[in-house]
Amino acid sequence: MILLDWVQGALLLSGLGFFLVGTVGLLRFPDVYTRVHALTKADNLGLGLIVFGLLIGADSVPVALKLLLIWGLALIASATAGYLVARAARRRGVRPWKARNWEDD
Amino acid sequence: MAEQGKAGWNAPRVRAYGFRLGLLLLLWWILSGSTSDWWFGLPLAAVTAGFSLWLTPPARFMLRPLRFPAFAIFFLWQSLLAGWDVARRTLHPGLPLRPEILHLGLNLPPGAPTWWLMLTISLLPGTLSVRLHDQQILEVHCLDSRLDVAGSVRETEVQIARLYGLQAAFSSGGDRA
Numbered sequence: 001m002i003l004l005d006w007v008q009g010a011l012l013l014s015g016l017g018f019f020l021v022g023t024v025g026l027l028r029f030p031d032v033y034t035r036v037h038a039l040t041k042a043d044n045l046g047l048g049l050i051v052f053g054l055l056i057g058a059d060s061v062p063v064a065l066k067l068l069l070i071w072g073l074a075l076i077a078s079a080t081a082g083y084l085v086a087r088a089a090r091r092r093g094v095r096p097w098k099a100r101n102w103e104d105d
Numbered sequence: 001m002a003e004q005g006k007a008g009w010n011a012p013r014v015r016a017y018g019f020r021l022g023l024l025l026l027l028w029w030i031l032s033g034s035t036s037d038w039w040f041g042l043p044l045a046a047v048t049a050g051f052s053l054w055l056t057p058p059a060r061f062m063l064r065p066l067r068f069p070a071f072a073i074f075f076l077w078q079s080l081l082a083g084w085d086v087a088r089r090t091l092h093p094g095l096p097l098r099p100e101i102l103h104l105g106l107n108l109p110p111g112a113p114t115w116w117l118m119l120t121i122s123l124l125p126g127t128l129s130v131r132l133h134d135q136q137i138l139e140v141h142c143l144d145s146r147l148d149v150a151g152s153v154r155e156t157e158v159q160i161a162r163l164y165g166l167q168a169a170f171s172s173g174g175d176r177a
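Chains as they are written, first to last, in the working numbering: chain A, 1 to 105; chain B, 1 to 177.
These aren't lab readings, by the way, just hints derived from the structure by calculation.
Keep in mind that the hints are not guaranteed to be accurate.
Each pair of labels, with its calculated beta carbon distance range [stated by the list, open to error]: (1) A/Leu-68 / B/His-92: 29 to 39 Å; (2) B/Leu-63 / A/Thr-80: 16 to 26 Å; (3) A/Val-94 / B/Leu-66: 40 to 50 Å; (4) A/Leu-84 / B/Leu-63: 19 to 29 Å; (5) A/Ile-56 / B/Gly-94: 30 to 40 Å; (6) A/Ala-10 / B/Arg-162: 26 to 36 Å.
Quantities reported herein were computed from a predicted structural model and do not represent experimental measurements.
Beta carbons are placed, not taken as given, at the ideal position from N, Cα and C, and that holds for glycine.
Go ahead and model the full structure; you've got the sequences and the hints to work with.
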């Protein structure tokens, strides 16, 4: 049981870490498109790790399925929202940021 | 909508009703837990399935539930890679990004398969769906144009086609690409 507690702790902490990284990406990345990348991907993995961490301690099948359902709905919501934000930016003509060192090609 | 109602109870509608009823009952069980009150949940699910059929007619493409686990494994592994990739780029002092917008032709039929593809690639490493033209050309924003973006979108297409049982129609289009 102690091993399971450690695994659960590791999953929860790494999930938190990915949430933190998603937020750092939101601050560090240069434009709206790259920021959507940071938020959707890092937060989805973060939430996924937290959900799997909590699955270890789930005391019944419906509770476990409820956790997975929450993750699935959050995945669909964030992918949809990310697409809508990117499409709105594209329609307004927001130019994607380009790396300066790489403009040779 | 009225035309849909007049169509009556043909086989696809009955199948769709059964499928949705099953999903709603599963959802009721998940939400209400071990002390499920079925006297309330069962009629509620039956009525809701009827409403959903009225609002959204049966889809043209059927998901193959048995193929879902393989897709889930693909998806879980890819989201792990995606999160790791974006975390690495975020925390790297040099911020290694080389973003680009690519235009990729799609082989999947329009409708649900294309929508699932767009949602899925937004969660894959370094790709984000931006805009869809005429249900055929997808604009994809990628974090690093040095990666094989077209290849990973192709692979996702194959996975989605498998999920919908579309390989036969798909492989002829896939060979060309």
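Do the hints match the structure? See the list:
The beta-carbon spacing between A/Leu-68 and B/His-92, approximately 32 Å, falls within the hinted interval of 29 to 39 Å. Look at B/Leu-63 against A/Thr-80: about 18 Å separates their beta carbons, and that is inside 16 to 26 Å. A/Val-94 and B/Leu-66 have their C-beta atoms about 43 Å apart, which keeps the hinted 40 to 50 Å range intact. Look at A/Leu-84 against B/Leu-63: about 24 Å separates their beta carbons, and that is inside 19 to 29 Å.
Checking the proposed 30 to 40 Å range against A/Ile-56 and B/Gly-94 shows it holds: the Cβ atoms sit about 37 Å from each other. For the pair A/Ala-10 and B/Arg-162, the beta carbons lie near 33 Å from each other, so the given range of 26 to 36 Å is met.
In this structure, none of the earlier numbered hints is contradicted; all agree with it.
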